[in-house]
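J.: Sequence:
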Amino acid sequence: MVETSGGHAGRRPVLLLLHGMGATGDVWLPWAPYLEQHWPGRWLAPDLAGHGWAPPLPSYSFAGFARQVAQALAPDDRLVVLGHSLGGVVGLAVAARDAGTPVDAVVGLGIKAQWSPAELARAAEVAARPVSWFASRTEAARRYLRVSGLAGLVSPDHPVVDAGLRQVDGRWRLAMDPTAFAVGEPDLAALLAATDVPVVLARGENDPMVSDEQLKEYGVPVATLPGLGHNAHVEDPAAVLALLDPYR
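Once you know that position 95 of the sequence shown is 95 in UniProt numbering, the rest is easy, because the numbers rise by one and skip nothing.
Restraint-style ranges between C-beta atoms, simulated for each label pair: (1) VAL126 with PRO33: 29 to 37 Å; (2) VAL168 with ALA74: 31 to 39 Å; (3) GLU119 with PRO33: 31 to 39 Å; (4) LEU120 with GLY219: 20 to 28 Å.
Note that these hints are calculated values from the structure, not bench results.
The beta carbon of each residue, even a glycine, is placed where N, CA and C say it ideally should be.
Construct the entire structure; sequences and hints are all you get.
T.: The following block contains the structure:
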């Protein structure tokens, strides 16, 4: 888990950054200079269960992901949550009133709101596959970038890729537990009804995975980031960080 303290301590909220499916908490490392300037306090970027260095779960659910995240928090942490894709759903689960975690607000970025039967079947198929092994780090890194959706945005030799890879006996694999893909479709309406905190649903204008119309069905504020795609937090950290201005 990446954990950093900013220039201001005290009771300011802690920023909890949650990565998407297939990525790791290290995807937020390029945010460090922006956060140092613009976030007045601590920030955390944990690996979700079954990703990076976080141990897997026996079976995956959004509530299970959220419980794993909550275990890493200090008892007195007040949180503002920014989650990307899967991380946005997990952020809503962390903020559930019954979870007992003190959350001030949630910004969910690029959450896929509608799933077709074919898409769910494909995810289940990927989850059932055995772990793939690669002869070189480069091959494994390219696979990691495809699985995490970062291909074309991050180079295979970038340091943020390292947490997503493991070397065992001269061979390479992804660190991720592939069965995490079986977590299924989030019930966003139920998740939103289960929380009392302010929620913003955001997306990049060019994100093919979710539309403004789909997000607006949920009756919470929707923010569209011009010119950006599904991984808007990687493409333009400053634009996404600006979504947090009301909660600093």
